[in-house]
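Trainee: Note that the protein sequences, when read in sequence, are chains A and B.
According to our numbering, the first sequence holds residues 1 to 811 in order.
According to our numbering, the second sequence holds residues 1 to 378 in order.
Check each hint, because a few of them may be wrong.
Here are the simulated distance ranges between beta carbons [unchecked claim]: (1) B:Glu372 with A:Gly68: 47 to 53 Å; (2) B:Met371 with A:Thr207: 52 to 58 Å; (3) A:Gly68 with B:His142: 32 to 38 Å; (4) A:Glu152 with B:Asn67: 40 to 46 Å; (5) A:Asp248 with B:Glu336: 21 to 27 Å; (6) B:Glu336 with A:Asp567: 54 to 60 Å; (7) B:Asp133 with A:Met221: 42 to 48 Å; (8) A:Asn3 with B:Asn19: 22 to 28 Å; (9) A:Asp174 with B:Ile80: 41 to 47 Å.
Rather than coming from a laboratory, the hints here were simulated on the basis of the structure.
C-beta atoms are modelled at their ideal positions from N, C-alpha and C, and glycine is treated no differently.
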Amino acid sequence: MNNLFMVVDATIKGNFNKLTRHRMPGAMPFGAKYRLIDFTLSNCKNSGIRNVAIFPYGNYRSLSDHIGSGDRWDLSRRKDGIFILQPKNLNLKSEDSISFQRMYEHIEYFVRSTQEYVIVSPANIVWNIDYDDVLKNHLLRQADITEVLSFEGQRLKTFLLSKTTLLSFIKNYDDLQYRNLTEVYDYSPSINKNAYVFESACFFIDTPDDLFKANMALLSMDIRHQLFNPQHPIFSKETMSSPSRYGDESFVKNSIIASGAVIEGAIFNSIIGRKAIVKKGATVKNSVIMNQCIIEGDAFVEYAILDKETKVMKQAKVTGSSEDLFISEKKQIVVGDEELNIVQIAVECEPFVKTGGLADVVGALAANYSKLGVQSSVMMPLYPRIKEKYRVLLEMRAEAIIPYGDVKYKATLYSYLDQNTNYYFIESYDFFDRDEIYGYVDDGDRFAFFSKACLNFIHIFDDLPNVIHIHDWHTGLIPLLVKNDEAVKSIKTLMTIHNIDYQGIHPMTILNKVGLNDINHYHQSINFMELGLNNATTISTVSPTYHDELRYEYYSKNLVEIINRRDRDFYGILNGLSDEIDPLTDLSIKVPYSPKNVFQAKPLNKKYLQQTMNLAVGDEYFVMGMVSRIVEQKGFDILIPALEEFMSQPNVEFVLLGTGEERYINALKAIEAKYPNRMKLNIGYDATNPNYIYAGADAFLMPSRFEPCGTSQMIALKYGTIPIVRQTGGLNDTIEQFDSVSKKGNGFKFYNYDSRDLIFQLHNALHLFNNGEKQVKQQLIKNAMASHFSLEVSAKAYVELYKTMIGSSNR
Amino acid sequence: MKRSLIAMILVGGKGSRLNEITKDTAKPAVSFGGKYRLIDFTLSNLAHANIDVVGLITQYEPYELMNYIGNGGSWDLDTIDGGISFLTPYAKSGEVQWQKGTAHAIYQYYSFVKQYQADHVLILAGDHIYKMDYQKMFDHHHLHNADLTIASVDVPIEEANRFGMIQYDLETRMTGFEEKPQKPKSLHASMGIYLFKTDVLEILLQGIGQEESIDFGKNVIPKAFKEGYRIFSYPFEGYWKDVGTIDSLYQANMDMLDDPNFLTLNVSKGIQVYSKSMNLPPHIVLEDGIIKKSVIADGSIIDGTIIHSTVGYQVVVMKNSYIEDCVLLPQVFISENVRLKNVIVNKGVIIPENYTLIADQITVIDSSNLMEVGGIDE
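This is chain A alone, in the form it adopts within the complex (with noise of 0.2 Å):
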């Protein structure tokens, strides 16, 4: 009987986009037959370990009907067995590894284990491994924590060390400043450490890149026999698939086929799932193939991942690329080269108007639709602004008389064509011809009629958009509109939201004027953003982590029940930021610059940031910037006690681009009165261009309370200059914890709002400033400049979705 029991860390989200959508990692499909899980739960079975719990997050439906009572793996027992210890404080996120607070929730499981020592693993990774050769080490060592590690060298967050010791973690966790082990193994100093490698075999599944490359390395006899020891087997679900058949014309090679296939087509270097069908003529390529997804005729399949379900139209073309796989979702039709028509519908859009984010993503994604051959169109209302300027271009197509409640108003449709991208405006003299965008007492009355005309002028289109993609709460009305009109009521709908907090609330009478009479509402009024959500198809937010954020209420407020109703139609698409943003091309900085000559230019650079801040001068100083709005979501009140403390370090220096509420302007005068030649805020934020901090300082602060999607700390890693950032939103998706032994990671991010968490990683950084080796520090700041989030990617991500939408039959 072996003397170790196991925690299973199925807490770790991952970075898998779609897969994940309806699954946790751990019951992600692998190897044809398999569940990720079940690697790590045979390992326990074939080390003798007879206590397992499993920490989930979210959504572990999937991971629970697959593990059963855990009889497949001899954890259906008496004494001990396997354990679901379910999240108990559902505010509680997902983070990078389960932490000793979410442990403290089960702590009567860990108190009650008799076994003396325990091993914390995911359950993500594919290995054959037995636990019990890490103990032998870990004892002798004599060793507290022992961390194993792949023959490669790479972290597998995968622990061993006593009960007593993970105890003492878990009880304290409140008073730690760790919130997980490899937080204690990577900062702890009075802790004995030891690391095992493990010579075998080992794959941490962390994306789909992961994901596909593991399973195409099971094509490889050799891994296949170091994972699949018939001394140490891997157990999985009893299914009851018949075998797999072959029909006249199959024709495959070098591939791995689960059960209860049907294959008539050809395969190359594949990994076919359980009851997947690949029909007479279809060609499946480099791929991995999940369960019960159907190839048809003459489709022609190749690096991509398909996920449970999906169905390839027969003739449609599946091509991703090793660098670029194609993803399906659970369930989504692939169709052949239907002609996708978008219409994307806001009221504001780069480059005619501008007032924030929304319109350069809405700007943006035209732009990039017509790139990749997206037939789009942009609808706005016509503001006196974009006449003036565009007067000459605009081509005036059709006018009409809308009524609106009792009265009749005349509309007139200009459009502008610029490369394949139409652009439609709206013009009104009634609602449009002001000289501001927002901010009218009868902004609902507004855009509900521009809704309304949008929705009339459609009508006259000569092909009807297959999707109409709207954001934020002006345009909310439009999907209830469109289900209420037969002739449009095919179109798909697609909602994204910006930032939840601005929700568009209005007179109930509106409804009225739009002809919508026999809305049963209790209400006075109506909410744009909940009627919007309530009706479009599906529904998407501006990062993934935003998107999982939005399911509590800390942030999505009145809205939460409606976002959680809508999981299931809900999708994260991170932003992007645009190509022209580039130290080398900017004209406004000192020294311009690209990863070739930065390590020269950015002396320079922050030469003349402290000299036009008047600050003390050198490059000792550890300067860090921050560009922001002065208001509460910005993390400000985190951030004023973290500088009052940390600004007492001799060599740090702060400046703050912004402006905003006058209470932080105040406490933070207080702190640049008392460092005057280390603090400088230049409060004016419309005025100077800040690209000089951009690429003059060490490190960017964005502390924020939450962040839907956030570009500047994407500038900041543009510009070589290294964010420290709370996890929140687009921050946690765009920034990697820096690990200086790996060497990976692109910043520093903390997870508590709260300002002891944020000095933890001001320390941090400036202890690799201080002390790091050269080698180390240049190599963050390559990292930084590396990391690329375009406005390609996003787009390519919404094309996929607007075909997940059209390819869904079922709405």
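Using the hints, position chain B against chain A.
Mentor: Using the frame of chain A, we list chain B on its own:
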């Protein structure tokens, strides 16, 4: 706990007509169609009908069968009160009680029936390939208030001499019975599946212990018919194969290959055929593998050519080997340059390099007859 219906499966037959294939294993444990065992079909039908008390009467080489079935969990037969019980030969008053025919087997374990005070007993065979909804048969039995219901299936006239043939009227009540007739009066063959009222069965079985051989078909049914019991037939439609001979085992495998929807094995609606999972990795096709019109089970590695054959689990077929119209039972190893046609290769047999057997009639290769039936091609 009292049950209204329990099932008894007769697997005692030695299966001598399957020769080497049943040398070490009971007939119901014989592999079929790559991954199945014959018993899977009957057990899966039981699982579908929610019949959870099953007595399995076994006699020859029961070990592999018992090991395979285990606690019956793969067929949901691992219930707390009930489930599957193995009824094996035992010594009674110093004398081993070998069974003397199908009815005698039931007679011997009648105490099992009594234990559950079942009103009805369903008697099944363990070596049939079919999907049947026993609940429908039970409904039919009730509808006609039958004392005994015999499942029947229509067969071609030339096969009638292999079966007990039933005649029945419009209400399906049996009007006549012939055992293996040369000139049948009907084409309704008894499937050897009987549903008895328990009290009727008890009366019919009384005092049969003395005779030499007592079968349902030969003895019990004619007796019941003569004594005027209400005997009905339940006409079954669909695929049904009694795997009693090498030819029928081979033919059933070929039937599976030729019908893409054979027994709708891949459809998760209606009766599902469960099989005990062997916990094997999926099969792999290497660079030189060619597979056409075949079925392949898990754990196999294919680098040769396989045409119109069924391949069991953990089979290896090496380069330049050519297998056509064959049944490879599990764990067969085919070395390089082997030619096989019209052959059943018994479980676990290793075929050496350059071996050839192009058979005119279906031939079983076993390690014992390997060099007699075929040879090394120099």
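Trainee: Quick one: which hint numbers does this structure break? Sort them smallest to largest.
Mentor: The structure breaks only hint 8.
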